[in-house]
Amino acid sequence: MQISMFNQTFELPSDVLAAWIFTIIAGGFVLLYVIKKKKLPLIWDYIRTTNHRKIGTLYILFGVVYFLRAGLDAVFIRLQLAFPDQSFWVFQQEKYNEVFTTHGTIMIFFSAMPILLGLMNVAVPLQIGARDLAFPFLNAVGFWLFFFGALFFNLAFFVNQAPSIGWTGYAPYSLNEYTPGVSTDYYVFGIQLSGLGTIFTALNLIVTIFRHRAPGMKLTRMPLFTWASLITSYLILIAFSVLAVALYLLMFDRLFGTAFFSGSEGDPVYWQHLFWIFGHPEVYILALPAFGIFSDIIPTFSSKRIFGYPTMVVSLALIGFLGFTVWAHHMFTVGLGPMANTFFALTTMTIAVPTGIKVFNWLFTIRGGLLRMTAPMLFALGFIPSFVMGGVTGVMLSVSAADFQFHDSHFVVAHFHYVIIASTIFGIFGGIYYWYPKITGYRLNEKLGKWHFWLFLIGFHLTFLPMHISGLQGMPRRVYTYGADEGLTGLNFTSTIGAFVMGAAVSIFLWNIVITHRRGVTVGADPWNGRTLEWTVDSPSPEHSFDPMPVVDQMDPFWYAKQEKRQLAICANPRPAPPDEQSMIPISMGLSLFVLAAALTYSLYWLAIAGGVGIFVLMAIRSWTDRTIIEEEEEA
Amino acid sequence: MVLKRFTLVPVLLMLAGCNITVLNPKSATGKDQAFLIWFSFGLMLIVLLVVFFLFFRFVATYRYTDKKANFIPEDVHGNKWLELTWTILPILLLIVLAVPTVAITYNQSPISEVLKKDEAVQIEVEAQQYQWTFTHEGGKTSNQALVIPEGKTIRLQLKSKDVIHSFWVPALGGKVDVMPHKDLYYEIKNPEVGTYHGKCAEYCGLEHAKMIFTAKVVTEEAYEQYVKE
Ligand code: HEM
Ligand SMILES: [Cu+2]
Ligand SMILES: [Cu+2]
Chain S
1 MQISMFNQTF
11 ELPSDVLAAW
21 IFTIIAGGFV
31 LLYVIKKKKL
41 PLIWDYIRTT
51 NHRKIGTLYI
61 LFGVVYFLRA
71 GLDAVFIRLQ
81 LAFPDQSFWV
91 FQQEKYNEVF
101 TTHGTIMIFF
111 SAMPILLGLM
121 NVAVPLQIGA
131 RDLAFPFLNA
141 VGFWLFFFGA
151 LFFNLAFFVN
161 QAPSIGWTGY
171 APYSLNEYTP
181 GVSTDYYVFG
191 IQLSGLGTIF
201 TALNLIVTIF
211 RHRAPGMKLT
221 RMPLFTWASL
231 ITSYLILIAF
241 SVLAVALYLL
251 MFDRLFGTAF
261 FSGSEGDPVY
271 WQHLFWIFGH
281 PEVYILALPA
291 FGIFSDIIPT
301 FSSKRIFGYP
311 TMVVSLALIG
321 FLGFTVWAHH
331 MFTVGLGPMA
341 NTFFALTTMT
351 IAVPTGIKVF
361 NWLFTIRGGL
371 LRMTAPMLFA
381 LGFIPSFVMG
391 GVTGVMLSVS
401 AADFQFHDSH
411 FVVAHFHYVI
421 IASTIFGIFG
431 GIYYWYPKIT
441 GYRLNEKLGK
451 WHFWLFLIGF
461 HLTFLPMHIS
471 GLQGMPRRVY
481 TYGADEGLTG
491 LNFTSTIGAF
501 VMGAAVSIFL
511 WNIVITHRRG
521 VTVGADPWNG
531 RTLEWTVDSP
541 SPEHSFDPMP
551 VVDQMDPFWY
561 AKQEKRQLAI
571 CANPRPAPPD
581 EQSMIPISMG
591 LSLFVLAAAL
601 TYSLYWLAIA
611 GGVGIFVLMA
621 IRSWTDRTII
631 EEEEEA
Chain R
1 MVLKRFTLVP
11 VLLMLAGCNI
21 TVLNPKSATG
31 KDQAFLIWFS
41 FGLMLIVLLV
51 VFFLFFRFVA
61 TYRYTDKKAN
71 FIPEDVHGNK
81 WLELTWTILP
91 ILLLIVLAVP
101 TVAITYNQSP
111 ISEVLKKDEA
121 VQIEVEAQQY
131 QWTFTHEGGK
141 TSNQALVIPE
151 GKTIRLQLKS
161 KDVIHSFWVP
171 ALGGKVDVMP
181 HKDLYYEIKN
191 PEVGTYHGKC
201 AEYCGLEHAK
211 MIFTAKVVTE
221 EAYEQYVKE
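Those sequence lines, one after another, are chains S and R. Using the working numbering, the final residue of the first sequence is 636, and nothing's skipped along the way. Using the working numbering, the final residue of the second sequence is 229, and nothing's skipped along the way.
Just so you know, the hints here were simulated from the structure itself, not pulled from any lab data. Each statement offered as a hint is correct.
Within a straight-line C-alpha distance of at most 25 angstroms, the following computed SDA-like cross-link-like pairs (lysine to any residue) qualify:
id, chain 1, residue 1, chain 2, residue 2
1, S, K39, S, E543
2, R, K152, R, E119
3, R, K216, S, A484
4, R, K210, S, M331
5, S, K95, R, Q131
6, R, K189, R, A98
7, S, K39, S, I587
8, R, K31, S, D485
9, R, K210, S, T481
10, R, K152, R, G139
11, R, K68, S, Q563
What you are looking at is a predicted structure, and each value in this text was computed from that prediction instead of being measured.
Please take these sequences and the hints and turn them into a complete structure.
As structure tokens, then:
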């Protein structure tokens, strides 16, 4: 369809049109709901909030929305690949390339990452007895940067400019010469904005964990989810800085005529190095928090402390550190030579050791316990065998000479979905079921939770197990079709069925949320018979938590206090809580950077300058009106 | 039920192994790689089976039943010896895997200067968005159809005219990227007669999926004939 506007004609393909119609209708319903239920004051409150639970909720909410969008992309991918020489709707050629790019990018940056950050926001302060993150204002800024980055990236599709460079954005294909137009710029700026927010949040978590623990909460008594969040934050700090640099260079190449990744001085392989120095740690940024969630869920529902706590912490740190030494295993075929290839093959293999230690420690936590099969526990248990299946193919991929066959085939697609879905997505679902009472005061329906789990598990294996074989059968990734004579038909069709089973599972999850809120049965502070401090505060967690402040005398303090039928000791004069406030500045900062990004994308430099000035003005206003500084000065 | 599904996996893989392209290679290069794939798979199967065995045993034994309603598990802090066991055994396993990995990686990485002198059949591969051009010694060129002689070492010299592509004939061996800024080399040793699918394995744009070719391995006489035509 063609549309004429502002003296220009736009091509509007039917999928984009459908998205507009859907969004307008859905938006209408949401608006109606908001007005009818008088939710506007609530939204107004959340827009200005700096409270960790509320920001965590926002992260999770938008992460789930984007999970649905990227999940829909996945369904389109699978429908297009269901049969050989298939033409499903518009999803061939350019549209297929767009849909796998947006699927991958959104899943990683705008769904998995924000939901994990959301869970950290909710749970970390409560686990260590902090009343909020160390810098609540910065926390809000971080969230709004993610929000506007994700919004920017997603808008591309609505103007039919979705990027099509793969989530890895390899040069020289991502340079102006091969992808002229604005689509790639949406990728560059969308990720850059939200990545900046992620760095802020990582800093915030590090300071919070070091400075705001309850009295007696030594590092060696900290819950493993908090440990995982701490180590992940360090990984984010390094990895996302590298990504920011890579994206800046790409931006300069695209907009201002530099040649870092092309020409006689530049080199497209530089992009690959930078991208994977970010990209490999990124998979641990996704996995470690999930490991942390499981390390809390498994002891809780086994009624038994974690097996080998010190080893669990050390192996987390080791995985994090080794994660920076393996990036070129993504580049075995780019001609780095046998020396580099064997080096990176061996470092990659070593990561299997700390990972294996964790798996066995989880297994021996279960051993001798009393396993309560709740929804969070099911996800934690389902994670173990599924994740190990992804782990062993990871070791197979590290065998550099064999990787010449695996590389860029569907075998790799199978491998990374096995690791990411089994760890991150199972962890997210498990974590949401587990902490839902702390977020909302309600507990999600257990029966639907079980249906959700089993369907998701079955669908997941059905989708991705066949891909190992289709990869070895010679199916490259990122192809929109294959021939009928290649022996790929049955495998692909099975995958497509699996994707629908997963879709059904996710629908059950959504339904579960709806009926849980409709029934509105609240639960108390400790619905799971928990072990750690978050279960001592009310559900949902109050804005002034830990009043009075408990004193921690050992690991899992709440559990042991309950065992010994005593109360946790109380500290009379705890550290002052971080200042809580309401402010429009964070969202305005996000908006200014959004304007800056949009203006640069469309080369409207006056507007870009306005956006940049806006940011500095907001910073100045903040500096002059910052209550914390003013109060300190008054005291002095 | 779950247990059954998981144990089916390796069985299925074994059965399917008979006709999966990469596991049924038609060159010495591909055979070395298939050996590594099987070897690593076998080692990993050990790990997988141990984990699955423990997992299903523990879950079955220790799950909650109403009989155990008042049971409070004993607290176990850890066990140095057990933890050492599952640190050291995997390391040994990985050393076993590392040896052939290093050996075959070195063996399969061509070093350009040495190669110039030997007896290999030289073929230049030039990729550009959505097509392949193969140039043989003596200057014969062809598009989308690579013809090579059986039983020889084939040395490919690859370069791209635009973006990065990747040359892959799954039946004959692994892939190698085709870079715009420098030539890469790859060797396929001792291919067997047959016609095989060839693909571009690095995403390169609109018609990446259709950037395919055929690789035909013919007898030496037929090859001489072909090059002269
Ligand atoms: C929910 C069910 C999912 C299905 C059915 C699915 C399916 C797929 C398929 C078939 C591809 C390969 C496309 C191609 O190479 O042509 C793909 C790529 C990818 N998926 Fe998923 N996926 C799912 C969930 C996820 C999740 C949860 C994540 C990460 C959090 C994820 C991350 C990726 C990434 C990074 C790529 C690579 C994109 C690229 O090649 O640039 N996927 N997915
Ligand atoms: Cu990696
Ligand atoms: Cu290609």
